[in-house]
Amino acid sequence: MKSPPVIARAIARGFSGLSGERGSQLLPQARLAGPMPWVIAIMIALTSIAAAGGLALNNLAQAARAELSGGVTVQIVEADPVERARQATAAATALAGKPGVSAIRVIPDAELDRLIEPWLGDAASGDAAIPVPALIDLHLSGTITPQRLGELRNALASAAPSARIDAQADWLGPVFAAISSLQWLALALIALLALASIAAVWLAARSALGSNHETIEVVHHLGGTDAQIARIFQRSVARDALLGGCAGLAIGLIAVFLLAQRFAALGSGMIDGGGLDVMDWAILALVPVAGIVLAALTARFTVLAALRRML
Amino acid sequence: MSGSGEDIVQFSNVGLRYGTGKEVLSDVSFTLYPGSFYFLTGASGAGKTSLLKLLYLAQRPSRGMISMFGTDIITLPRDRLPGLRRRLGVVFQDFRLIPHLSAFDNIALPLRVAGVTEQDLQKPVADMLEWVGLAGRSDARPATLSGGEQQRVAIARAVIGRPDMLVADEPTGNVDPEMALKLLRLFEALNRLGTTVVVATHDLHLLKKVPDSLIMRLDKGRLSDPTGALRYPPRRQAALS
Ligand SMILES: Nc1ncnc2c1ncn2[C@@H]1O[C@H](COP(=O)(O)OP(=O)(O)OP(=O)(O)O)[C@@H](O)[C@H]1O
Ligand SMILES: [Mg+2]
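Chains as they are written, first to last, in the working numbering: chain A, 1 to 311; chain B, 1001 to 1241.
Wrong hints could be hidden among the right ones.
[What the hints assert, rightly or not] Ranges of calculated distance between the beta carbons of each label pair, as one might list FRET restraints:
no., chain 1, residue 1, chain 2, residue 2, range
1, A, Ile283, B, Asp1072, 50 to 56 Å
2, A, Pro174, B, Arg1078, 58 to 64 Å
3, A, Arg309, B, Gly1015, 20 to 26 Å
4, B, Gln1093, A, Arg309, 19 to 25 Å
5, B, Arg1078, A, Ile283, 38 to 44 Å
6, B, Lys1022, A, Glu214, 28 to 34 Å
7, A, Ile283, B, Arg1141, 44 to 50 Å
[What the hints assert, rightly or not] When the alpha-carbon atoms are kept at most 20 Å apart in a straight line, the in silico SDA-like pairs for lysine to any residue are as follows:
no., chain 1, residue 1, chain 2, residue 2
8, B, Lys1208, B, Ser1224
9, A, Lys98, A, Gly71
10, A, Lys98, A, Thr73
11, B, Lys1053, A, Glu214
12, A, Lys98, A, Ala61
13, B, Lys1208, B, Phe1039
14, B, Lys1053, A, Arg309
15, B, Lys1053, A, Glu217
16, B, Lys1053, A, Thr215
17, B, Lys1220, B, Gly1019
18, B, Lys1022, B, Leu1076
19, B, Lys1123, B, Leu1101
20, B, Lys1053, A, Thr73
21, A, Lys98, A, Gln75
22, B, Lys1053, A, Gly71
23, B, Lys1053, A, Gln75
24, B, Lys1053, A, Leu307
25, A, Lys98, A, Asp137
26, B, Lys1053, A, Asp137
27, B, Lys1182, B, Asp1094
28, B, Lys1209, B, Glu1188
29, B, Lys1053, B, Ser1067
30, B, Lys1053, A, Met310
31, B, Lys1209, B, Lys1220
32, B, Lys1182, B, Pro1211
33, B, Lys1220, B, Leu1204
34, B, Lys1053, B, Thr1020
[Claimed, not checked] Covered stretches of chain B, as calculated for chain A (at least 3 residues, CB under 8 Å):
no., stretch
35, 1034-1048
36, 1080-1086
37, 1105-1118
Everything labelled a hint here was simulated from the structure, so no lab data went into it. Just so you know, even glycine gets a beta-carbon here, dropped at the ideal spot from N, CA and C.
Turn these sequences into a full structure, and let the hints guide you.
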């Protein structure tokens, strides 16, 4: 028998081995592929649609708020047109001198008629018209507090006793409440989808762990560290998640884009404010990145927990 | 604790039980010296595999003290074990080759685990393949190799890192006597390079083939040591010196 070759003296040189291709080679690819990328794709698609919805609602609410903030409506509710006109002018004059009033506009009768016509028809104009309150659009700088409204109300009490004064945002209070609950719903959906993704990755990592148990044991006995073995699985899952994430993002973005076009076609001024800006698209692009990180971390901790049960 | 650093393994009153069963190893005490060649024999169920599992750090004892390479392994934190395992070579009774890796990649695995670069491991692995007579089967998957060929790949994987100690569980269990002898010669060659070898075997004929070997006999979980040579071995110089 020949004497053995000069064998590599490689013991305990480092714990950096098995990174990269050599590590992933240890797991047969077919085991981890399969349904995983598809499950992740569906999760990412749903998550990005939910996120897009949440972001659009946020923009919508902000646009509406910006438009309405500072907006105050003064109505002169008075049946006699002459007295109504007098009070409207008096109110406008009284308000003009007030601090914090940045803009003031008495809405002309013609414009009011036009606003009301679709509902009341010709009856709105002419001599026999149904009395319609005069409107004054008022813009205040800064935020509107009940106290400021009260001051304005007092200022009008003598000049225009028939005046009613309201912050425009108050009318839309219920709308904002609805938008905000929809946003919470979107957030809850994202959280649930993240949990489902974790569960899916956890199951996949567990089954991969089971079917590769022999390999893991061998690497373990050859002095492989937990971190080395976990890294192998982590990479494998991350690659699946990358595939699934890209597919999911594509599906999600197409869906969001089509929905956005449908809403734009409605042409409603309200919904115009709900578009997505560059920042929002960037956040959507981060969804699959977060998915990949989540999947890799889940795989890592699943494998580490299983390994800790071995000596 | 071994203070001298000369002994490679020290067992002192080691007991092992699985779960709540009765002890499968009781009061096992011995010392392994570097460069020696040991056979571990005993009837089926006597506890040979259990003792080897303790040796290759797959199992902790239920009681007693074990030190390896001068380190008390009972109190050793878990994250220090990989460093010790890399000083061991293990031939499992069932080989445990990785089925989807070629013979070359199976043999290269311990080096890759230890972080040896691809460039540095090409030649040692090729040399090792040649040494076990499988130079032409470098790309073969284990399933396409005969039992004896698989066994040689398993042995090559165990010795490629030039371990301080080689532990082999029935390494000649499934091969004909001629192949058994050839494999034994591999272990002897490694032993001459300074590796301590522990071979568990049923085959009493093998024992006579290695003249200098020491014999550990297990009987129902107890180590019989009639001459005291295992507990207090005669000074024996390492084969390397
Ligand atoms: N994982 C285990 N759980 C419970 N009992 C075990 C386990 N492994 C071994 N045993 C028991 O421990 C005793 C010793 O088993 P061991 O495998 O060490 O014997 P052995 O000497 O290697 O036998 P053989 O020559 O047949 O391989 C046996 O009674 C066996 O049933
Ligand atoms: Mg056995």
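For each hint, the structure was consulted:
1. A/Ile283 - B/Asp1072: 50 to 56 Å: About 54 Å separates the Cβ atoms of A/Ile283 and B/Asp1072, which means 50 to 56 Å holds.
2. A/Pro174 - B/Arg1078: 58 to 64 Å: Roughly 60 Å apart at Cβ, these two residues keep to the hinted range, so it holds.
3. A/Arg309 - B/Gly1015: 20 to 26 Å: Once the Cβ atoms are compared, 22 Å apart, the range 20 to 26 Å for B/Gly1015 and A/Arg309 holds.
4. B/Gln1093 - A/Arg309: 19 to 25 Å: 23 Å, holds
5. B/Arg1078 - A/Ile283: 38 to 44 Å: 41 Å, holds
6. B/Lys1022 - A/Glu214: 28 to 34 Å: 29 Å, holds
7. A/Ile283 - B/Arg1141: 44 to 50 Å: 47 Å, holds
8. B/Lys1208 - B/Ser1224: OK: B/Lys1208 and B/Ser1224 at ~19 Å, within 20 Å.
9. A/Lys98 - A/Gly71: 15 Å, holds
10. A/Lys98 - A/Thr73: With Cα atoms ~15 Å apart, A/Lys98 and A/Thr73 stay inside 20 Å; holds.
11. B/Lys1053 - A/Glu214: Measuring from Cα to Cα gives roughly 16 Å; hence the hint holds.
12. A/Lys98 - A/Ala61: Distance ~29 Å between A/Lys98 and A/Ala61 Cα, so the pair is violated.
13. B/Lys1208 - B/Phe1039: 10 Å, holds
14. B/Lys1053 - A/Arg309: Roughly 16 Å separates the two Cα atoms, so the pair holds.
15. B/Lys1053 - A/Glu217: 13 Å, holds
16. B/Lys1053 - A/Thr215: Holds, at roughly 18 Å.
17. B/Lys1220 - B/Gly1019: 18 Å, holds
18. B/Lys1022 - B/Leu1076: Violated, because 26 Å separates the two Cα atoms, which is more than 20 Å.
19. B/Lys1123 - B/Leu1101: At roughly 18 Å apart (the allowed maximum being 20 Å), B/Leu1101 and B/Lys1123 satisfy the hint.
20. B/Lys1053 - A/Thr73: Violated: B/Lys1053 and A/Thr73 sit about 86 Å apart, past 20 Å.
21. A/Lys98 - A/Gln75: 18 Å, holds
22. B/Lys1053 - A/Gly71: The given pair, whose Cα atoms are some 81 Å apart, is violated under the 20 Å limit.
23. B/Lys1053 - A/Gln75: Distance of about 91 Å is beyond 20 Å: violated.
24. B/Lys1053 - A/Leu307: Holds - the C-alpha atoms of A/Leu307 and B/Lys1053 are around 17 Å apart, at most 20 Å.
25. A/Lys98 - A/Asp137: 15 Å, holds
26. B/Lys1053 - A/Asp137: Outside the cut-off at roughly 88 Å; violated.
27. B/Lys1182 - B/Asp1094: Judged against 20 Å, a Cα distance of about 18 Å means the pair holds.
28. B/Lys1209 - B/Glu1188: 10 Å, holds
29. B/Lys1053 - B/Ser1067: 14 Å, holds
30. B/Lys1053 - A/Met310: Holds - the C-alpha atoms of A/Met310 and B/Lys1053 are around 13 Å apart, at most 20 Å.
31. B/Lys1209 - B/Lys1220: 26 Å, violated
32. B/Lys1182 - B/Pro1211: 16 Å, holds
33. B/Lys1220 - B/Leu1204: 18 Å, holds
34. B/Lys1053 - B/Thr1020: 18 Å, holds
35. 1034-1048: violated (count 0)
36. 1080-1086: holds (count 6)
37. 1105-1118: holds (count 10)
Going through the hint list in order, the structure does not satisfy hints 12, 18, 20, 22, 23, 26, 31, 35.
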